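Model the placement of chain B with the ligand on the given structure of chain A, informed by the hints.
Protein sequence lines, in the order shown, are assigned to chains A and B.
For the first sequence, counting from 1, position 437 maps to 437 in the numbering used here; every step adds exactly one.
For the second sequence, counting from 1, position 178 maps to 178 in the numbering used here; every step adds exactly one.
Honestly, the hints are just simulated from the structure, not real lab data.
All figures in this text were calculated on a predicted structure; none of them were measured in a lab.
Among the clues, some could well be false.
Said to hold, decoys possible - To give an idea of the interface, some chain B residues facing chain A are shown, with a C-beta separation under 10 angstroms as derived from the structure:
1. 14
2. 33
3. 35
4. 195
To be verified - Here are some chain A residues pointing at chain B (derived, C-beta under 8 angstroms):
5. 273
6. 306
7. 317
8. 319
9. 320
Beta carbons are placed, not taken as given, at the ideal position from N, Cα and C, and that holds for glycine.
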Amino acid sequence: MKNAPLEALKALVGPAGYLDAGPDMDLYLTDFRRLHRGRSPLVLLPANTGQVAQVVRICAQHRIGIVPQGGNTGYCGGATPDDSGTQVILALQRLNRIRQIDPLGDAITVEAGCTLAQVRQAAESADRLFPLSLGSEGTCQIGGNVATNAGGTAVLRYGMMRALVLGLEVVLADGRVIEGLKPLRKDNSGYRLHELFIGSEGTLGIVTAACLKLFPRPVERATALAAVADPAAAVQLLSALRTAAGEQLSTFELMPRLAVELTSRHIPGVRDPFSSAYEWYVLTELAASNSGSGSGIQTTLEEILAAHATDAVVATNLQQREALWRMRETVPEAQRHAGASIKHDIAVPISVIARFIREAGDWVTANVPDGQLIAYGHLGDGNLHFNIQQRPDTDAAQFLARAPHIHRTIHDLVAAYGGTFSAEHGIGQLKLEDMRRYKSPTELAVMHAMKQALDPQGILNPGKVLPAAGT
Amino acid sequence: MAKILVAIKRVVDYNVRIRLKPDGSGVATEGVKLSINPFDEIALEEALRMRDRGAAEEVIVASIGPAETQQQLRTALAMGADRAVLVQADAGAVVEPLTAARTLLALVEREKPQIVILGKQAIDDDNNQTGQMLAALWDRPQATFASTIELKDDKATVRREVDTGLETLEVDLPAVFTTDLRLNEPRYVKLPDIMKAKKKPLETVTFTDLGVTPKQQVEVSHYEPPPVRQKGVMVKDVAELVGALKKRGLV
Ligand SMILES: Cc1cc2nc3c(=O)[nH]c(=O)nc-3n(C[C@H](O)[C@H](O)[C@H](O)COP(=O)(O)OP(=O)(O)OC[C@H]3O[C@@H](n4cnc5c(N)ncnc54)[C@H](O)[C@@H]3O)c2cc1C
Numbered sequence: 001m002k003n004a005p006l007e008a009l010k011a012l013v014g015p016a017g018y019l020d021a022g023p024d025m026d027l028y029l030t031d032f033r034r035l036h037r038g039r040s041p042l043v044l045l046p047a048n049t050g051q052v053a054q055v056v057r058i059c060a061q062h063r064i065g066i067v068p069q070g071g072n073t074g075y076c077g078g079a080t081p082d083d084s085g086t087q088v089i090l091a092l093q094r095l096n097r098i099r100q101i102d103p104l105g106d107a108i109t110v111e112a113g114c115t116l117a118q119v120r121q122a123a124e125s126a127d128r129l130f131p132l133s134l135g136s137e138g139t140c141q142i143g144g145n146v147a148t149n150a151g152g153t154a155v156l157r158y159g160m161m162r163a164l165v166l167g168l169e170v171v172l173a174d175g176r177v178i179e180g181l182k183p184l185r186k187d188n189s190g191y192r193l194h195e196l197f198i199g200s201e202g203t204l205g206i207v208t209a210a211c212l213k214l215f216p217r218p219v220e221r222a223t224a225l226a227a228v229a230d231p232a233a234a235v236q237l238l239s240a241l242r243t244a245a246g247e248q249l250s251t252f253e254l255m256p257r258l259a260v261e262l263t264s265r266h267i268p269g270v271r272d273p274f275s276s277a278y279e280w281y282v283l284t285e286l287a288a289s290n291s292g293s294g295s296g297i298q299t300t301l302e303e304i305l306a307a308h309a310t311d312a313v314v315a316t317n318l319q320q321r322e323a324l325w326r327m328r329e330t331v332p333e334a335q336r337h338a339g340a341s342i343k344h345d346i347a348v349p350i351s352v353i354a355r356f357i358r359e360a361g362d363w364v365t366a367n368v369p370d371g372q373l374i375a376y377g378h379l380g381d382g383n384l385h386f387n388i389q390q391r392p393d394t395d396a397a398q399f400l401a402r403a404p405h406i407h408r409t410i411h412d413l414v415a416a417y418g419g420t421f422s423a424e425h426g427i428g429q430l431k432l433e434d435m436r437r438y439k440s441p442t443e444l445a446v447m448h449a450m451k452q453a454l455d456p457q458g459i460l461n462p463g464k465v466l467p468a469a470g471t
Numbered sequence: 001m002a003k004i005l006v007a008i009k010r011v012v013d014y015n016v017r018i019r020l021k022p023d024g025s026g027v028a029t030e031g032v033k034l035s036i037n038p039f040d041e042i043a044l045e046e047a048l049r050m051r052d053r054g055a056a057e058e059v060i061v062a063s064i065g066p067a068e069t070q071q072q073l074r075t076a077l078a079m080g081a082d083r084a085v086l087v088q089a090d091a092g093a094v095v096e097p098l099t100a101a102r103t104l105l106a107l108v109e110r111e112k113p114q115i116v117i118l119g120k121q122a123i124d125d126d127n128n129q130t131g132q133m134l135a136a137l138w139d140r141p142q143a144t145f146a147s148t149i150e151l152k153d154d155k156a157t158v159r160r161e162v163d164t165g166l167e168t169l170e171v172d173l174p175a176v177f178t179t180d181l182r183l184n185e186p187r188y189v190k191l192p193d194i195m196k197a198k199k200k201p202l203e204t205v206t207f208t209d210l211g212v213t214p215k216q217q218v219e220v221s222h223y224e225p226p227p228v229r230q231k232g233v234m235v236k237d238v239a240e241l242v243g244a245l246k247k248r249g250l251v
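Chain A extracted, bound-state conformation:
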C-alpha cells in the first residue's frame, strides 16, 4: 500500500495519535473472542472530532478503508479489519470526555470513546441513572454501544441503546460532520437522521459523540431467583409480573440448571442458593425510583412468585442481590471454563418462545450427542443466548467442526418461528451468510441503497453487515 497517505495521516494525528508496530498494536487486530484476526498498516487514535473528520477526508481522497473501533468487545468481528493489510483502524478511545450533564433535562452528552462504566458513573454522581447495562461495561464504549445498538439486562424496562439516544454527532464518509446533539425529546423536523447510524456497525458513519437519556435512580429493588418447571411456566410468570408490577419489572432472565451448575463450579463466590436442584431458573427484579413504595414492590414480587413459581429465594440485602446477579453475569465466563461452545444470539416472539426452546432443544439432544443445550438470557425480551456447550471429555475440534451445520439448523428453525438470527450482537463479518439467507431481497436492496447514499466509495468498515451484492 502507498506510503504517502499513511504518512499524511500520521502527521495529522501526531506521535501520540497512532500505532504502526509493536505488541500494543496486536490488541487492535484481534477481536475479543479470538474468532477473527486481521492486518492493518496503521491504528489511528485521533484526539477530537476535528481530527476524526480530517482522517476520514484523507482516507476518502485515497479510498482507504476505515475500520472504526471502540472497546473491541463486539461479538461479531465488526471492529476487526480484513487480512488485506490495507484498512486502517480508527479507535475512538481518546475521545473520552463527558461534555455535559443536564440533570433538569435528564440528558448527558458524552464523547464516543467514553466507556459505558464511565458514563454510568457520571450519571450516578449527578444522582441519575444511565440504564444500559452489559457485562462488558468496563471496556465497551458509547460509540460501540451506539454502533451495535447494544441490549443487555435492562432492555425490558428501558429499551435498547436506540431508545436511549437523543442525538448524535457523526462524521460522514466524506469528512462532513452532522452536529446532532440536541437534547430534544421531540423533533419531527424531517427524517431522524441519527437513527440511521444506531446499529449500523460503523458502515454508515463514525459516531464521535452522543446525547443520551438519563433516568431517576431506582432506590428500592426487589430481587429474586425463582425456580420454574419449564420455559412455558417462566413465560406465565413473566406475564403475571408484567400485569402486577408494570414498568417496575426491570429484569427477567432465564437460566437452565446447567448455567447454575457451571457457575457454581467455575466462578468463585457463586453458589446454588437452593437446597434442591430445579430444571429452570429465572432471575427477576422489580425496581422503584421513589422510596416508600419499597416494601410494596417486595410484597408484589413475593405474592406473584408464590402463585407462579415452584420455589424462590429473595435477596434480603444488596450483597445477596449482587451474588444472584453474579451468577447470571458469569454464565459466559463459566462456559469458557467448561470447554467449547457454539453460540446463537436469537430472538423469537415471546408467545412461541417456550415451544421453540422445546423443539430446538429436542433437536440438539437427538443430533448433537457431544453437546448440551444451555439456553439462557433475556427471556423478557424474547432474546436467548441459545448456546450449545461441549460435554466433558469430548473432542473440542470435532465438536466445533459441526458448528456451521448447527448454526444453519437453529437459524432455520428461528426463521420458521418468525424470529431473528441476531437479536443484539449485530452482524459484523460473522453473520454475512445469514444476512443473505434470511433477509428478503427487498430489505437487502434498501440497505444497499442506504449504504450507497451515505458511503458511495465503500470506505466505511468495508465487508461488514452487508453481503456483497449479487453474489
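Relative to chain A, chain B with the ligand alone:
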C-alpha cells in the same frame, strides 16, 4: 425449654455508598437501602443452626428501632426465627450502646434465654460495645468475636480470631456471644418461609413497657466525609519511581 435471643439492628446496607446530609448533621438515609446489620445476620444464622441441631427450641429475634424496623424483623422471621420483638424508638432517635444493653437486659429477664447472640458491632456506628455491656449488666460470661461456637451440655467452646492467632475460650451458659465475619454464611430467604413468616408473632413494646429510660450521653458535633484519595500517577520504571519518591522526601 432453652431459648436463644438474637439482637439485630436496622442499618444502611453494607453495599450502599454512604453519603452525608448536606449540613453534616448525619448520614443521609432518604431513599437508601436499609438491611439487617451483617454481623447480626450472622448471629441469627448461628442461632438458627443451633436450634436446628437441637440445642434450643426457640429463637427470638429482637430489635430496637423505628416502626419500619418491622421489615427487618419480618426478614429475620422468614430466615427462620420463631418470633420477634420490636422495641419501638422514635424515628431518628439515637440509641446508644448502654441504652441498647439495658433494653436487651430487660428482654433477657423476661425471656430467660440460655444464649444471647449479637453482632460484634453495627456497621453504622461501629461502637462494638452492646454485647459486652449486656454481659456485664447481666453478670454472665461473654465470648466476643466468635468465629466458631460449639455447645456441649451447659458449656460453650468459642474460637476467636485475635492478633496473635486463634484463641479458644470455654464459657458457662447462659452467656453472651458476639459474632465475627467468618462464623458462617447466612442463608437466602426462601419463598415458602416468607409466606410462613407473615403469620409468625411480631410484638411491639416501648421502652416504658420494659422499664428502661433511654439516655443520650454522647453528643455528636458533626460528620464529615473521609478525605478524597489522591489520584495515582504511573511511572515508567524503578528509576522514575525512586526519583519521584525522593522528590517528595519519602525515601
Ligand atoms: C462479557 C461481555 C458481555 C456482553 N454482553 C452484551 C449484552 O448483554 N448485550 C449486548 O448487546 N452486547 C453484549 N456484549 C457485546 C459488546 O459488548 C457490545 O456489542 C458493545 O456494544 C460493543 O461496544 P465496543 O465499544 O466494544 O465496540 P467494538 O467491539 O469496538 O465495535 C463494535 C462495532 O461497532 C463499530 N464501532 C465502534 N465504535 C464506533 C464508532 N464510534 N462509530 C462507528 N462505529 C463504531 C465497530 O466498527 C464494530 O462494527 C458483551 C460483550 C462481552 C465481552
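Against the structure, the hints:
For residue 14 (chain B), the interface hint holds, the least distance from its beta-carbon to any beta-carbon of chain A being 6 angstroms, beneath 10 angstroms. At its closest, the beta carbon of residue 33 (chain B) sits 6 angstroms from a beta carbon of chain A; the interface hint therefore holds under the 10 angstroms criterion. Among the interface hints, the one on residue 35 (chain B) holds; its C-beta lies about 4 angstroms from the nearest C-beta in chain A, closer than the 10 angstroms criterion. Using the Cβ-Cβ criterion of 10 angstroms, the hint placing residue 195 (chain B) at the interface with chain A is satisfied: the shortest such distance is roughly 6 angstroms.
Because the closest C-beta pair between residue 273 (chain A) and chain B is about 4 angstroms apart, less than 8 angstroms, the hint holds. With 8 angstroms as the threshold, the beta carbon of residue 306 (chain A) comes within range of chain B, its nearest partner Cβ sitting at about 6 angstroms, so the hint holds. Evaluation of the residue 317 (chain A) hint against chain B yields a held restraint, the C-beta minimum of about 4 angstroms falling below 8 angstroms. Because the beta carbon of residue 319 (chain A) sits about 6 angstroms from the nearest beta carbon in chain B, less than 8 angstroms, this interface hint is met.
At a threshold of 8 angstroms, the smallest CB-CB gap from residue 320 (chain A) to chain B is about 6 angstroms, leaving the interface hint in force.
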